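> Next come the chains, spelled out residue by residue.
There are 4 protein chains.
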Amino acid sequence: MAGNTFGHSFRITTWGESHGKALGVVVDGTPAGLALDEADIQKELDRRRPGQSGAATPRKEKDRVEILSGIFEGITTGTPISLIVYNKDANSSSYDKLRNKPRPGHADFTYMEKYGHRDHRGGGRSSGRETIGRVAAGAIAKKLLGAYGIGVVAHVIELGGIRAENIDPDIKTAIEKNPVRCADPSAATKMLEMIEKMRNCGESTGGIVEILTTGVPTGLGEPVFNKIDADIAAAMMGIGSIKGIEFGAGFKAARMRGSEMNDAFEVDNETIKPLTNNAGGVLGGLTTGMPIVCRCAVKPTPSISLPQHTADMVTKKEEIIEIKGRHDPTIPPRMVPVAEAMMAIVLADYMIQSGRINPDSILPEK
Amino acid sequence: MAGNTFGHSFRITTWGESHGKALGVVVDGTPAGLALDEADIQKELDRRRPGQSGAATPRKEKDRVEILSGIFEGITTGTPISLIVYNKDANSSSYDKLRNKPRPGHADFTYMEKYGHRDHRGGGRSSGRETIGRVAAGAIAKKLLGAYGIGVVAHVIELGGIRAENIDPDIKTAIEKNPVRCADPSAATKMLEMIEKMRNCGESTGGIVEILTTGVPTGLGEPVFNKIDADIAAAMMGIGSIKGIEFGAGFKAARMRGSEMNDAFEVDNETIKPLTNNAGGVLGGLTTGMPIVCRCAVKPTPSISLPQHTADMVTKKEEIIEIKGRHDPTIPPRMVPVAEAMMAIVLADYMIQSGRINPDSILPEK
Amino acid sequence: MAGNTFGHSFRITTWGESHGKALGVVVDGTPAGLALDEADIQKELDRRRPGQSGAATPRKEKDRVEILSGIFEGITTGTPISLIVYNKDANSSSYDKLRNKPRPGHADFTYMEKYGHRDHRGGGRSSGRETIGRVAAGAIAKKLLGAYGIGVVAHVIELGGIRAENIDPDIKTAIEKNPVRCADPSAATKMLEMIEKMRNCGESTGGIVEILTTGVPTGLGEPVFNKIDADIAAAMMGIGSIKGIEFGAGFKAARMRGSEMNDAFEVDNETIKPLTNNAGGVLGGLTTGMPIVCRCAVKPTPSISLPQHTADMVTKKEEIIEIKGRHDPTIPPRMVPVAEAMMAIVLADYMIQSGRINPDSILPEK
Amino acid sequence: MAGNTFGHSFRITTWGESHGKALGVVVDGTPAGLALDEADIQKELDRRRPGQSGAATPRKEKDRVEILSGIFEGITTGTPISLIVYNKDANSSSYDKLRNKPRPGHADFTYMEKYGHRDHRGGGRSSGRETIGRVAAGAIAKKLLGAYGIGVVAHVIELGGIRAENIDPDIKTAIEKNPVRCADPSAATKMLEMIEKMRNCGESTGGIVEILTTGVPTGLGEPVFNKIDADIAAAMMGIGSIKGIEFGAGFKAARMRGSEMNDAFEVDNETIKPLTNNAGGVLGGLTTGMPIVCRCAVKPTPSISLPQHTADMVTKKEEIIEIKGRHDPTIPPRMVPVAEAMMAIVLADYMIQSGRINPDSILPEK
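Chains as they are written, first to last, in my numbering: chain A, 1 to 366; chain B, 1001 to 1366; chain C, 2001 to 2366; chain D, 3001 to 3366.
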């Protein structure tokens, strides 16, 4: 099956490998009339880039995006927007000795089982670099949603067992103040220490990313199979390294009583709305008008420098490998812009599908 | 959007309301050549039926399925299989006074916000009775998978805070021995007491259902957006009352180190396979050949008889309601056949899409 | 693949065989708020029924439709509408001797090649009775479009080589005055004579059906792959017995000069519109605001009572068969409601997809 | 809606405008293991290029394709193949004065009605240059099909009223011997004269392109809505300038008798097959094993230098325009590689969907 396209009325198709010529995305379904330039997209790609901080790999990726189509005189035309980022700085030789030896926790083994042939350099298509296309597309979705008063933000709420506790209510601003994208500055400091510790012992650790929305209208989603939380779950679980997702009270709901879990309704200025948000903004697959709240569990980076047991797929002999080189000891901080992008893509899709955003054009009618 | 269809090559479309004339499903994509009769499907519907035990509502639903198409001389023809269950025993009058007063935790409010008009009787389309279609379709998927050595089983691993600990390895048999479908008999006894307690105090509770597979081949799934775990997540989150899903180590992975989380590879009789299964059977969206393992958090039944705050959507006045009548104090035991059905549907779809099951016909070639 | 579903935002799934228990359709995506009852649908099914006239088979089909879901208090709820027609009056024994001998011009041979097993009774799934589901779904689409001022009409413009020449401008009324559904009364008389002649000599003949729309807005469709004429072509070619389709000038365009073919634009009351309609209402896959005009070539009924050469698929021996019994000597008159239905379904889909009809609800906002 | 993607298991997404930076396509679903390089694709793009002959525009397009992803060590990897062609030699100034004046027969008017904003330069997205992506993707489909013994060829059978009569049976070779791609050399000469005549008088003309297949197995397609002829019709009607399509006897079938139209079955070396091919290789939406035969009506090039009536969309005043510059006086010869590409794409999709080509990998199993 062709599994590189996501979405219906707002639809993205990503392509490209880690050490290939380029990576990119085709974004189909943006209505005509949205002002858009490369800076709008570059801004998000820069957030995705590994920084100089302790949280991320020192690899210097430039990742300059180029818009190839779909914009005329600074405004979207309704036709597909093709975005490309050429690869640079790729030294593939270090991967040669791992060519036939699947790295534990990576997709090397399953790709070989499925395809019998793969681009092993830097993980090929299964590399985190594939998310460049998602983040670029998400930048468009975010700008479109912004014009309708809808916002999306993600933040790291747990890393290496350290939990954010005093979360700054202005999450958007707070997360840009530290490289771990945690809105609790004191937890952020501890997380950075944890990362440094992991790096020093050749280890890695995971964490939890929370995604929140503002301004989402009521009644978005479909009530049976395309429940909006089901589609968001597919979007998030489609990101590498995510092993679980929960909405609102989530797994805690399993231990709650009905009277605790149910969000009562109140009347506020002639409008009915839930008083609390254990539902995480979704009831019966449709938005309640409260913020959508979901959390994703991110596994530890599979690339570690400690020795690991694997096997050679050609010789069928067991082997021990050590993965050298620059690797993030943790993924959640870099997951933030990716998770925001996927949430924005799902919401843009539903806003268009439901006619709340005109699918053809958002220009004022003459 | 039309959101009542699920799947690609094996595709189901469910329809029907709780107190309407009938409910049903059209199953499209079953290859020709599968022996199938109503008993195959009734068996699963009977598992879905509320029993006489403490775990479920005493409502006597008969839920007799009828096959209307797609079978000839006891064998599937490759054409759509239409399944119908007529509704009986539906007294809608008790719902009249709740018509404009959304029940907390239910989809009443969001349906009204989306559609402005709804069949409020018994929850209408948002009722758990909608899962009749899923379970019926799942019975076909299960039988098809069985012919290829693939099995699916679900069980309750937690209910009302009580955790199954000594799980009988023969889960399939064990869960049919108690009405909570828990494979730990002693935990099952405690769960039943908990349910009784909830019922007596007009409350409800949630739990966790685990779904497991056997015999799934390697390399099933698509590596970017149709990761098999992403599609399973969408399938499970598309069931009402599920608030979270995790695979393998799941949310615990967030606190693990890379060396703990990564499943090493070993060589076993010339075959390479993972030694452990923290991945839950999926790496990079593709199956590893190990069992797929996922767990779903089920919220407490939203219908409780304790008084709850809501508001009248017509008068815009706050109101207090008490939901009387027969209601399960907990959902997980009845979730078991539904979760099995959805897992089977996803797997059947991928087995067909990937050509592992011939999409046209499984009859031996002449 | 699962090929029994058509459409995106307005989506139909048909099921059922000619001599099975029942046939039906699930219509997904009708917005809430449309008044709808069985009479709305029965009306179209009655038009589809073979009449007593010379044009059609004397088989007495009752074809009573029943609505099973999706309507509450006479109004659609936005949930799937399941429609069922139980089969009666089916004597399958006459088909027994043809079980392994594919009828020329029918799908018997190709079904057996694909599936290796089929319900041969009355053509099974490949019977014209499958269109019951399409016509029933089309009745809903028509009623929905009618609320937005859009109309669809089809008529027979050629049959057995006889061409309609003086077409009554009130086609809708004119076609109900004769059993061949031709809007030229004098041609209709000749067509009926031709049909009688065909019946008498055990032969059959084909014809051409034209489909026209009124009130379609400009800009409907997608400009590259989902050109509205491409989707209409797929809809029409998906009806059995249709061997060709053309829009506007159609095949004649191949012999026209650019200056003849191009429709000039004029300004009429501040509105720009084409002066002529060689384009058939579509330019670049998008509607021009002029009527959509297309014509479908219908092959002669494949069931004829003259002897025909075939082969037994089991014995691999050549055989001669004669197809006895009641068969229409021509299909175009009965194609009229089916073609109208498919056109209405495509238009409803695009009206909803483009947000011109609110996908959720057409009820006035409170 | 997002309408720039075509296909299911073999799926293409095209992007780009005539005078934008580049055009391209993402091809998703090619199994791993196909040897493929740029020359395979360039070969087809060169066939699409306007030549120096009388049949086509003298514009010197280079159209060098570059493969950006999906190939490793000369072999496909199963991941998306991104193809790009940078635009050169584009002088947009000549289009400035037509910016608000829709050209008759072009999509200018309908794009403006739909989007309210468009890239008018060279027709923007509605330009014939968009077919670069289709032809490039088709080259991959063709190579894949070739490995399974399936071939596709198209040829011009009518142009400006001149009909090919003595068609060289080796069509593939014959069409490369003249710039009109007609397999009847003497008709080709007359067609060239007709084109010259059209050019001299500022006019244009249309024609008919026939597409043929070899080696297609029986039973390909789906029997209800995804009839293979319905999907081919959508594919062909999705190409600009095509106004009609017919299969086998096509519109002539409307005048045939059943006994003439029906293809009898014979037994040939233990295999049952049709004796004739009036069906055009398709019965009931499924392939018969005979060649698929279809014909497309191509309208005259809408760009002509004769004066034409239009209207200014801003001033709402009627205007007369003359379209100067280099324009093909006829399209059918250039349609040949595009029609071949679309046919190959549909067939590749069905071969993969049906499991006849392994969706994951065509490498021999180890």
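It should be emphasised that the hints constitute simulated quantities derived from the structure, not laboratory data.
Just to be clear, a hint being listed does not mean it is correct.
[To be verified] The list that follows gives simulated cross-link-like pairs (lysine-lysine, PhoX-like), each with its CA atoms no further than 25 Å apart:
1) A/21 with D/3143
2) A/252 with B/1197
3) C/2317 with D/3197
4) C/2252 with D/3273
Bear in mind that the values here come from a model prediction, so they are computed numbers and not experimental data.
> So which hints don't hold here, by number, going up?
3 and 4
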